[in-house]
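A.B. asks: Sequence:
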Amino acid sequence: MRRREFVSLVGGVAAWSIAVQAQQPLPVVGLLRNTEAAEWIAAFRRGLSDSGYIDGTNVTLDIRVAERDRLSDLAVDLVRKRVAAIVVNTNAAPFAIAATKSIPIVFVTGSDPIATGFVQNLNHPGGNVTGVSFFNEPLGSKRLEILHELVPKAETIALLVDPDYFRGDAELRELKMGSQALGVKIVVFKASNDLEIDAAFTAIAQAKVSVMLVGGGAFLTSRRHQIVGLAALHKIPAIYVTRQHTEVGGLMSYGASTTDAYHGAAVYVARILKGEKPGDLPVELPTKFELVINLGTARALGLTVSPTLLARADHVIE
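Take numbering that gives the first Met the number 0: the final residue in the sequence shown is number 317, and no numbers are missing along the way.
Hint data in this document are derived by calculation from the structure and do not stem from the laboratory.
Keep in mind that a hint or two might mislead.
FRET-style restraints, in silico, Cβ to Cβ [what the hints assert, rightly or not]: (1) 148 - 56: 48 to 56 Å; (2) 295 - 68: 38 to 46 Å; (3) 197 - 144: 25 to 33 Å; (4) 246 - 148: 16 to 24 Å; (5) 51 - 281: 15 to 23 Å; (6) 195 - 246: 20 to 28 Å; (7) 155 - 45: 38 to 46 Å.
In the PhoX-like style, the derived pairs of lysine-lysine whose C-alpha atoms are separated by at most 20 Å in a straight line are [as the list claims (entries may be wrong)]: (8) 207 - 234; (9) 175 - 152; (10) 100 - 80; (11) 175 - 141; (12) 152 - 184; (13) 276 - 152; (14) 207 - 189; (15) 287 - 141; (16) 184 - 207; (17) 189 - 175; (18) 80 - 141; (19) 152 - 207; (20) 276 - 100; (21) 287 - 276.
Keep in mind it's a predicted model, so treat the numbers as computed, not measured.
For each residue, glycine too, the CB sits at the ideal point set by N, CA and C.
Given the sequences, and given the hints that come with them, work out the whole structure.
C.D. replies: Given below as structure tokens:
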């Protein structure tokens with residue numbers, strides 16, 4: 000065969016290979032949640048990009064957001080479409096786990112993954128499930144301590160919770176134990192929609208409860224602008240789960256980075272797409288918890304933050 004013919008043949012084979020690859024369907028990654036979360040989905044996209052995967056280029060994201068009563072049907076639909084992996088938050092995780100024992104599932108949760116039944120072993124999850132925990136629930140007592148340190152005269156603390164939050168009962172047990180240790184009383188107020196949040200703050204003001212802790216869960220976090228605004232309106236010092244609350248005017252927050260958790264989940268998805276098994280990937284746990292204090296909000300509330308508490312803060316918003 001002449002050299003020119005050989006080069007032409009090789010070039011033709013290469014072009015054919017590229018064309019075949021271009022025609023192959025992109026792997027689909029489903030994201031299943033019970034609330035919108037543009038910031039965390041953006042963090043997930045960044046994690047994919049940092050790992051070599053770009054939506055629309057070599058992977059496709061199928062984002063599903065719905066109320067809790069529709070999550071089961073959506074999980075089944077993603078399984079029916081044979082997606083390459085399913086990424087879920089706490090409320091969506093049980094439905095995805097029930098829907099498939101073969102498609103990889105990567106959770107992002109603030110709960111204890113073993114207590115929830117998501118996995119049986121953190122280091123060796125086994126099966127088709129792994130994920131990232133930002134460990135919200137065990138920090139409830141610590142948040143109470145910080146709030147009590149800032150407002151030591153408060154004898155009663157309002158707790159705002161979402162009754163539809165999958166792990167709400169476990170969170171409440173943790174907080175009740177913490178309140179008993181501090182010798183303070185907790186009064187629970189429930190809200191699962193915007194109107195109920197408004198009503199809860201009216202009830203808190205009427206009960207003359209002077210401080211508040213806002214519980215975890217995707218819903219309450221997604222309504223952070225509304226909650227922080229009402230806390231300011233009623234002049235109620237409050238502590239929150241995520242720093243996103245303090246960044247929009249909340250007084251204090253203590254917890255691990257949810258943004259980092261979603262970035263980490265994307266890295267795990269990328270490793271799975273490259274051939275690793277989810278059961279071989281240990282559940283990722285946070286290594287750092289941040290105390291964030293908004294001094295501007297403290298001044299607006301007439302509070303003085305002690306030098307000791309300020310020194311412990313990882314980030315201070317002036």
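A.B. asks: Determine for every hint whether it applies to the structure shown.
C.D. replies: Hints, one by one, checked against the model:
no.	hint	verdict
1	148 - 56: 48 to 56 Å	holds (50 Å)
2	295 - 68: 38 to 46 Å	holds (40 Å)
3	197 - 144: 25 to 33 Å	holds (29 Å)
4	246 - 148: 16 to 24 Å	holds (22 Å)
5	51 - 281: 15 to 23 Å	holds (22 Å)
6	195 - 246: 20 to 28 Å	holds (24 Å)
7	155 - 45: 38 to 46 Å	holds (42 Å)
8	207 - 234	holds (11 Å)
9	175 - 152	holds (18 Å)
10	100 - 80	holds (15 Å)
11	175 - 141	holds (12 Å)
12	152 - 184	holds (12 Å)
13	276 - 152	violated (52 Å)
14	207 - 189	holds (17 Å)
15	287 - 141	holds (14 Å)
16	184 - 207	holds (13 Å)
17	189 - 175	holds (15 Å)
18	80 - 141	violated (43 Å)
19	152 - 207	holds (14 Å)
20	276 - 100	holds (13 Å)
21	287 - 276	violated (27 Å)
Checked against the numbered hints above, the structure breaks hints 13, 18 and 21 and satisfies the rest.
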